[in-house]
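4 protein chains.
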Amino acid sequence: MAPLAHQLASDTLETRHTKEWLRDYQRVRAATERLCAPLHREDYMVQSMPDVSPPKWHIAHVSWFFEAFLLIPFLKDYRSLDPAYDFLFNSYYETHGTPFPRPERGVISRPTVDDVYRYRAHVDEAMARLLEAPPVEHVDEIRRRVELGLHHEQQHQELLVMDIKHILAQNPLCPVYRDDLRDDLATSPAATPGELAWLNYPAGVRLIGHESATGSFAYDNEMPRHRQFVEAFELADRPVTNGEFLAFIRDGGYRRPDHWLADGWQRVKDEAWTAPLYWVQRDDGWYHMTLGGLVPVDEHAPVCHVSFYEADAYARWSGARLPSEAEWEVAAEGVDIHGNFVENDHLQPVAKATDGAAPGRLYGDVWEWTGSAYRPYPGFRTLPGSLGEYNGKFMSGQMVLRGGCCATPRSHIRASYRNFFPPQARWAFSGLRLARDA
Amino acid sequence: MAPLAHQLASDTLETRHTKEWLRDYQRVRAATERLCAPLHREDYMVQSMPDVSPPKWHIAHVSWFFEAFLLIPFLKDYRSLDPAYDFLFNSYYETHGTPFPRPERGVISRPTVDDVYRYRAHVDEAMARLLEAPPVEHVDEIRRRVELGLHHEQQHQELLVMDIKHILAQNPLCPVYRDDLRDDLATSPAATPGELAWLNYPAGVRLIGHESATGSFAYDNEMPRHRQFVEAFELADRPVTNGEFLAFIRDGGYRRPDHWLADGWQRVKDEAWTAPLYWVQRDDGWYHMTLGGLVPVDEHAPVCHVSFYEADAYARWSGARLPSEAEWEVAAEGVDIHGNFVENDHLQPVAKATDGAAPGRLYGDVWEWTGSAYRPYPGFRTLPGSLGEYNGKFMSGQMVLRGGCCATPRSHIRASYRNFFPPQARWAFSGLRLARDA
Amino acid sequence: MAPLAHQLASDTLETRHTKEWLRDYQRVRAATERLCAPLHREDYMVQSMPDVSPPKWHIAHVSWFFEAFLLIPFLKDYRSLDPAYDFLFNSYYETHGTPFPRPERGVISRPTVDDVYRYRAHVDEAMARLLEAPPVEHVDEIRRRVELGLHHEQQHQELLVMDIKHILAQNPLCPVYRDDLRDDLATSPAATPGELAWLNYPAGVRLIGHESATGSFAYDNEMPRHRQFVEAFELADRPVTNGEFLAFIRDGGYRRPDHWLADGWQRVKDEAWTAPLYWVQRDDGWYHMTLGGLVPVDEHAPVCHVSFYEADAYARWSGARLPSEAEWEVAAEGVDIHGNFVENDHLQPVAKATDGAAPGRLYGDVWEWTGSAYRPYPGFRTLPGSLGEYNGKFMSGQMVLRGGCCATPRSHIRASYRNFFPPQARWAFSGLRLARDA
Amino acid sequence: MAPLAHQLASDTLETRHTKEWLRDYQRVRAATERLCAPLHREDYMVQSMPDVSPPKWHIAHVSWFFEAFLLIPFLKDYRSLDPAYDFLFNSYYETHGTPFPRPERGVISRPTVDDVYRYRAHVDEAMARLLEAPPVEHVDEIRRRVELGLHHEQQHQELLVMDIKHILAQNPLCPVYRDDLRDDLATSPAATPGELAWLNYPAGVRLIGHESATGSFAYDNEMPRHRQFVEAFELADRPVTNGEFLAFIRDGGYRRPDHWLADGWQRVKDEAWTAPLYWVQRDDGWYHMTLGGLVPVDEHAPVCHVSFYEADAYARWSGARLPSEAEWEVAAEGVDIHGNFVENDHLQPVAKATDGAAPGRLYGDVWEWTGSAYRPYPGFRTLPGSLGEYNGKFMSGQMVLRGGCCATPRSHIRASYRNFFPPQARWAFSGLRLARDA
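Chains as they are written, first to last, in UniProt numbering: chain G, 1 to 438; chain Y, 1 to 438; chain W, 1 to 438; chain A, 1 to 438.
Possibly wrong hints are sitting among the right ones.
A pair counts as met if it fits within one copy or between any two copies, since identical chains are not told apart.
Calculated lysine to aspartate or glutamate pairs in the EDC-like style (CA-CA distance at most 20 Å, straight line) [as the list claims (entries may be wrong)]:
| hint | residue 1 | residue 2 |
| --- | --- | --- |
| 1 | LYS269 | GLU94 |
| 2 | LYS76 | ASP184 |
| 3 | LYS76 | GLU137 |
| 4 | LYS76 | ASP355 |
| 5 | LYS19 | ASP355 |
| 6 | LYS269 | ASP355 |
| 7 | LYS76 | ASP124 |
| 8 | LYS19 | ASP345 |
| 9 | LYS269 | GLU389 |
| 10 | LYS269 | GLU104 |
| 11 | LYS76 | ASP140 |
| 12 | LYS19 | GLU147 |
| 13 | LYS19 | GLU141 |
The hints are simulated quantities; they were obtained by calculation from the structure and are not laboratory data.
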């Protein structure tokens, strides 16, 4: 997907030959399949909690997206492999028909994994025909939808990594996604981030959100670019580390209600939280499940798999707070996008020495919880038709995260990107960075 | 509590003799008891859902507040009537000891209602002693806490009205809180609000929140006063009426998912919502439960007992949106506080002809849902000690409402007041006013 | 109700003047009111769990029974006080109209306790008119229904005691039902039951159930009298004591799955059972809640408030088993009915020295769990009409208990009486007696 | 497994050479694999409700049984493939270690299906070694356990068929287990059972249960043979048919509470039952899911997939009742075991003309619900050790069914066989036969 990233700065799809669209399409689709390559058919079937989807469903659903929004409307004589797929693999588009109930995705054994790959190939073959000769009168809309469909597929690549991790972690046998990841985690060189430093940002009216006139891709929820007054603030130069979070645990952080939002404290009690998700305490210290198996917690790596409630409680305990999403975006202005992404193939946040970049490590490793509820920007407009359900209807009960993580494709992230999860969610690669009033 | 309202504009408690504090104290306390006067002992016992507290608990809890935060710390030789009350009537102050579980408040028959009124009198007698001769070294803190305690009690007055309505509404006998309310609703003169008109507000940096330097009272969550950039917007000159909401219902509003946030649509299905809470359809039209019994819905009165989800869906259906809390506060600047409050003793939103005020009816009748999630203002600081739990810990999962309602004491409301409820809550007197981008 | 008991052996209601029916009626009704005399209005309102009914509901429901099944069908010109009562106070007679949902009985504050007593008086006055001059053509049916209504009311007297105990026990203030009960429990003379002895019963075909030809009262579920083959068995001469049950607890009884039925073990884990209901361990030993407050467990008294699962587990641990209901009835043949009943006014099982009766203490103190599921006898017929719902429809998912308890009216019990509760129920005065194969 | 069936009448395993044990072992094990042959790997993974186990789990668990109870105790130098399997594939033997939580069997993707078949082969190879040269001092115990293990595996064969049917039925694509079954159901000759006839049985003391002295196999719960007095009764000569059950449905059977036990009526309302499980009403009549897909309901075939509650309600509606298990066993005395079993390979109850056998069709087609709760026989003893958990601990909350079904291996059933399910269970092949008092 590098071309798309490149294109962000230079040109737009509009100016490129549709052959390139097909190349992009094929690159993104191949990346999904590479992520699934280590899976057994049995792994493809598991729904380990209602929020997790079976990998089989993911690879079918992302194909359905192209079928429902491109092939059926725009490819003459397109024939669906099975009309029931339209019901089975619709995620949540209510205006497109009643979706199959999400928590029951794991009880559907047919179509099999092979069937679903056949469906995928069928869609790919038809998409190739469409993109090689798109009907002239729809070429703009097709371009827009292909672009959206590829970003949609990249989102599901990240979800696949999160979900596969959760699925394997339920298993008392502690299975490993890929053996080489275990070695990767064991042999990564010791890296010590420095003491946390604070960067200053002055008060002022700032422009927040994606500028649609650039022509580069962004989701509807990142627009329109608009003014916000941001008070002076300070931002930490790096995310909170496992070692720092351990100090919170050792100080009784999970036992003292005064650190917590009321809803968070209720979760701590109801679900008996005592550490981030996937952490296990043994006689010789803390371990956590990774895609490379159960390994010791690296004190220098960014803390991960904490909920918003835990991030918020840690921040309060440390005398700081979470940044707002506007503060984060102000800090990200002009910062290059590099970091630990899915292409780095660690699939885990890793320790890294501070390298003088300020702020450091904004991108990759862990999604950073902000203190901002996920609500529409002033002037927000949804996309027309069923695609209008893409983002807008989830704008309640969720918090915004910024910056991408170790499972995010590099070309999928940008400064204005607004990810969102419910405040109790922990299975995403989610961590935090501190802020404070100036 | 009129003096406190008066004082908002002219002087501050600091300059007044403590004798006046006692008079204020007694006025507010008496108002609580007046609200409970029509209740039978049996009514005092009911917890009709976990969010509702038995009226007995309310009248005990507000007394406990004075005992825990004033009498025990500051009144020499104060003796509690029963040490167990400290556990039973603590609402949610975790740092003050483990509170009795909220959903089980309705299973506690002892202390009886008479016992609780004795407790109330015991606290009142001790408060009189404290306020007549407060220890000099604590006089400022005492003043602050008395003021907070009285505003706290006023909040519970409003909750009492909401909860009593919910309690009586469960009963298939449709009991009436006070017979004269039925007559009041029947005989109120027909009033027709005009066509909805839009008021314009220009873009700019605005000051939002309470200015603490005024010395007048506000909760911690209204501070500090700070700058926000507010884009140009338009605001309706009055709340949405029952008649307008009926058009939404008749247009299939509760059956079409595209109007709704995803969480809201889930509620519609799970709880089979087809109209606002308390509404009942009969052959000859819609009725709703009021504190004066089951009466026909008045098409000209503001719609009430809608959740945030319903308010948001209505706004989307009508091509508008909810205002942000900053927009609401901008519009409220300089607007006099008058309207249908608890002192008007309708205990129900009522129809009123548009009177040229612009915007009209900002205060009273119905709390107006805003589109803003309840989060801290930049620079927010909680109160020290257990009182720090007053507001801050609820800053997740809730939406802000503005303007007070027909159950709010007149002196309790102000432009910067931030009420909050979860988006699904419907038993508050909650309605909406439309906004749109300029 | 002594006359009814007397009549069991000698005559039948059929031969008595209806004036005597009225006297019986008034005696039973007065007993209900005596049990409620110590209650505050607030106590009347509480539903501490779905199985418990508010005392107010009990006293209304037993009146409704007479109204629905006697006054409305048989008393000319009878006028109900309020037609809604027929809905509110119908317990479970589906063929009589939809009953008000049981778990919501506690949210109905009106009619008030005073209203309900007025309703009660209204029914009593009408019943007096009916019984003084019953219509000749219905006199037999009226007699049958009065008798059933009085036994029904006696059942509710026992439920009232159980429910009041449960209601007060939820309260952290440990309120006392009657102060003199505390003294009664403190001053009862030390009584040591002897070592448990076994009584032998030979095998053979036995007649089980109530002989309807005697004309004395029994519920439909005790009939018809029929033959069962009962293998030779041994029965303990007294119930299991608290001291014996403590040995089970100390031996890890609540921690070892092999003692338990699978469903029982699930309950032990899910509800964290470690002792009978109402037991609390303190530094100086075990206490339990009684209607006289929290008092030390008397090792010599029969163990009480155990579920079927606990009774069964104790029996298995001790190398014995529970008796079948037929075995219990064989043993009860010819045994006089005396024991610790509600008239003894302990309202708690008490220690008693073995007095040579064999088997001892079959009646009173604690209902004895049997190993028999509650199913119809061969040839069972329900009563006609709505009264057919009295017993038969509960014949699944419950176990039979025999012998009455300290809250049972003396005249309500008999050898053939089949009480029943779900196997997990613990709030009845339920204990056990051991049996084993000969 | 024919030899075992043959042996029931003639000889016992004790007299046979251990080589024959191995042949029996291999025959039973092969039958399990034949049932799984049509499955895809994905089908093996699904747990469609907590009561259903993934087929992968079944085939592993039955192997674990031989490993845990035979190989580890008796085969010198036996090495387990993976010690974790002992935890993962233990069903409910608490005394053998904490079993893996049943409702989470579907989230375990590893070991894969191939791994599990390797485990199966590993166990089979070791079992062959054990059975070829069993240690002389344990030969009796080994024989007993092999026999139990094979009957255990046959039970799981039946569960596999039930569970596979349930798994496939969740899928909106209506997948078919085997295509030829669809043809089988379509082409089976029309067969009309005659009018229901009643057979008479006189009253008397009967011997019930399995006679252990015969040496033939039975579960512990069928013993000891003991005396019961059985009143005179009548039994229908065949099961209730779909056509007869349709008359109940058409007569409003699912809408009238007076037909139902209270618990059953609650289920009808809570789960919106309107017909047996798997039935679907279309414009042209009733269809039901079978392992051959969705086919029209055959009015002449026995009704199937009804709960105890539905069976009981039907019987009450028809003026009859369910037989007790003793009555069923009395009727079965001397009746040959033939019928529609798993070997007939219909995997569905089928219509059959009455053939003069009286009572007809006692065995096969559908398990017949009896009116007897599943409780121990007088004198019941569990097996020693962990195998004591096999049957006894489930003796609460369940009802007995008799006679086997279309998924039962022919050699697995006998007159004394006591199957049991909770009264609400519907996914077994369960139907009913009427009885009435003589």
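Verification of the hints:
no.	hint	verdict
1	LYS269 - GLU94	between (35 Å within a copy, 13 Å between copies)
2	LYS76 - ASP184	neither (48 Å within a copy, 41 Å between copies)
3	LYS76 - GLU137	within (13 Å within a copy, 78 Å between copies)
4	LYS76 - ASP355	neither (54 Å within a copy, 61 Å between copies)
5	LYS19 - ASP355	neither (40 Å within a copy, 65 Å between copies)
6	LYS269 - ASP355	neither (40 Å within a copy, 53 Å between copies)
7	LYS76 - ASP124	within (15 Å within a copy, 57 Å between copies)
8	LYS19 - ASP345	neither (29 Å within a copy, 56 Å between copies)
9	LYS269 - GLU389	between (35 Å within a copy, 18 Å between copies)
10	LYS269 - GLU104	between (28 Å within a copy, 18 Å between copies)
11	LYS76 - ASP140	within (17 Å within a copy, 74 Å between copies)
12	LYS19 - GLU147	within (14 Å within a copy, 68 Å between copies)
13	LYS19 - GLU141	within (16 Å within a copy, 74 Å between copies)
Taken one by one, the earlier hints fail for this structure at numbers 2, 4, 5, 6 and 8, listed in ascending order.
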